[in-house]
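Participant: Here the protein sequences come in this chain order: E and A.
Letter by letter, the first sequence follows residues 701 to 960 in my numbering.
Letter by letter, the second sequence follows residues -9 to 456 in my numbering.
No lab work stands behind these hints, which were simulated from the structure alone.
Note that the structure is predicted; figures quoted are calculated from it, not measured.
Be a bit skeptical, because a hint or two may be false.
Straight-line distance between alpha carbons at most 27 Å, and here's what the computed BS3-like set of lysine-lysine pairs gives [stated by the list, open to error]: (1) A:340 - A:377; (2) E:937 - E:902; (3) A:22 - E:902; (4) E:892 - A:9; (5) A:9 - E:902.
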Amino acid sequence: MTANPRGTEQCPRVGLFVTCLADAIRPRLGFAALHLLEAAGCAVEVPRAQTCCGQPAYNSGDSRGGAALARRVIAAFEGYDYVVVPSGSCAGMIRMHYPEALAGDPAWLPRAEALAGRTHELLSFLVDVRGWRPEGVSLAASATYHDSCAGLRELGILAQPRALLREVEGLELRPLTGNDVCCGFGGTFCVKYPSISNAIVKEKAVLIEATGTELLLGGDLGCLMNMAGALHRRGSKVRAFHTAEVLAGMGGGPAIGEEG
Amino acid sequence: MAAVFQYGVARALSDPNLKLAIDRTTVTAERKRAAALADYPQFAAARERGTAIKDHVVANLDHYLEEFERNATASGAKVHWAADADEACRIVLGICREAGARRVTRVKSMLGEEIGLPHALEEAGIERVETDLAEHIVQLAGETPSHIVWPALHKTREQVSALFKAAHRVPHEADTVEAMVESARRELRDRFLSAEVGISGANFLIADSGAVCVVTNEGNAELTTTPPRVHVVTAGIEKLVPSIAHAFAMLRLLVRSATGADLTQYTTFHCGPKRPGDRDGPEEFHIVLVDNGRSRMLRDGLREMLRCIRCGACMNHCVVYRQIGGHAYGGTYPGPMGAVLTPALEGVDKARDLPHACTLNGRCQEVCPVSIPLPTLLRGWRDRSWKEGLVPRGVRSGLGLWRFAAERPWLYRLGTAAAVRAMRLFRRGGWIARMPFAGAWTRYRDLPAPAGRTFMEQLRDWERGR
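Model the full structure from these sequences, guided by the hints.
Facilitator: This is the structure:
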């Protein structure tokens, strides 16, 4: 599948880190990412040795476990020009926290830092690195956007998804009150402290419904599953998609939690 | 501790008055802070400077402590050193006894709460009069502060009204905020003037003059520290700044971050006792410098936490605090800063939940006026609790199992392929409403059902089709 195994600036070799959630729950997102990266002129590969970025261990205090998984990801991906991840949270883990997790390991720290510098969240990669905009994509719908925290605060992703979505014909974006406030997902937080997480996401669901939009968009599947799950439990009709799916022309397909 | 935290959380989440009270104050605080920052474009530069000032002081703490002691002593103050909470309380009680105090007035001070001074005074049979309006409310209710800037944030004004009507000698009649404030004023005014000792905290200790800076919005600090014969200051050693100019640099950050105002209503510098020719002021001026774990924090990788100026912005912007309020945290300090401080003060074994009950969303760090990397410090406590075996066995073995598979891609592929198929047995349409081992999720939310085959499985077909 690799059209250009050596990679050039015109056609860089990109290792797609699918993320464990997309792999298990929503493969469509992985294919949307593949599609977008190819459309943006990249030679995409999906390293088979990938599993998870290690965040559940790292954020639970198991720093050794986190470091062990970080080494595996580095080994699997360091041959590529770029690592691209359809999640701000997992990309943030590699960019910001791999060097922290391996700070005490002189053999691996330079490798961690090198990989961190070449790792990008998908939507920001498309805009900032590839200068890409969707062409001929349309979706007649109204949507609101939630900025997931890791992407927003660790990676500064705010303008890029909006710049991309502006090019989608027929899509009307409406602002969400508290778009930069955590939805209560927090990785393992949502199952370690479910009652608090629920109280947070319930407020978020009310604000999403108040926009009156048909769609909820975002850039992190975990947060989207949390919000979509809370909306569905409330009987809400708002449908949730990862932004990459909309950009890849898959916005007419099943939303998160719909059969397809 | 885990059970205590869970109990506090459950209680908080089932209290609609609490949520109402939290929202009323924090939503306003958030809005006012945002407006204040919009009006003060130098904030980012001021924040950098404030961070540098605090880092400089913490790095040279011994130097500034000695300088402060020298100058405070020269101004006529008596400086005391307390290694821990017990020693600090003993010193304060000793001063009160020496002064023959039966009644002391107190200005809100979180350090006083931290060292357990209210309790110690009561144990010693000394009447304690809280002069801060919110602390007065908390005292009448027999509670502890739930916020470091607004101690009675957890109470609605309706609850406060009922409390005052039951407790005040001449309670208010009209249910207005003004009438309630008037009622508190009537209740407190004569006590201000009859206390033998006034106790305050400090917002800043000025090293080059030995002065103590206290800010309030009610003027109660001046009434607490001026009429009594003896004024006692209790302050954490991290409150030092080199000079008054540095104090003002920090004040610009503190007040905007806390309340959104440019400056507090009252900003008072106390320097020594009453001098000959002074019209008022205390005859004795004591300053108790309290360590209580602070130098240990320096050694324990919590250096950045000593920058904290107690503005409360982190908790005002914390999604967890805004749901559970301050009391559920179980320590003196709630919210993100409390979740870092309480394990340092009380031991991580006694506060294990606090660093974990956080989504690591980073908003606290974003609003912190001295750029404390709160998520990083919280993650540090998680590391410690993992190493010390404080993580619950279920979480530990679950993560262990997951990690075992995640380190073996072939096994992980098999496991995920099997798991997504098993999960689909529980779906109705595209959603799972109940499933074994997923109760923590499905109790409150529906879970999107997996597509059926994993991405990695589908990828093979996709590649073949090219």
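Participant: Hint by hint, say whether it matches the structure.
Facilitator: Structure-based check of each hint:
At roughly 15 Å between alpha-carbon atoms, residue 340 of chain A and residue 377 of chain A fall within 27 Å of each other, so this suggested pair holds. Between residue 937 of chain E and residue 902 of chain E, the direct Cα distance comes to roughly 15 Å. Compliance with the 27 Å bound is thereby established for this hinted pair. Straight-line distance between C-alpha atoms of residue 22 of chain A and residue 902 of chain E comes to about 25 Å, which keeps the hinted pair within the 27 Å bound. A C-alpha spacing of about 22 Å is found between residue 892 of chain E and residue 9 of chain A, which places the hinted pair at or below 27 Å, so the restraint holds.
A threshold of 27 Å between alpha carbons decides the hint, and for residue 9 of chain A with residue 902 of chain E the separation of about 13 Å falls inside it, so the pair holds.
Going through the hint list in order, the structure satisfies each hint without exception.
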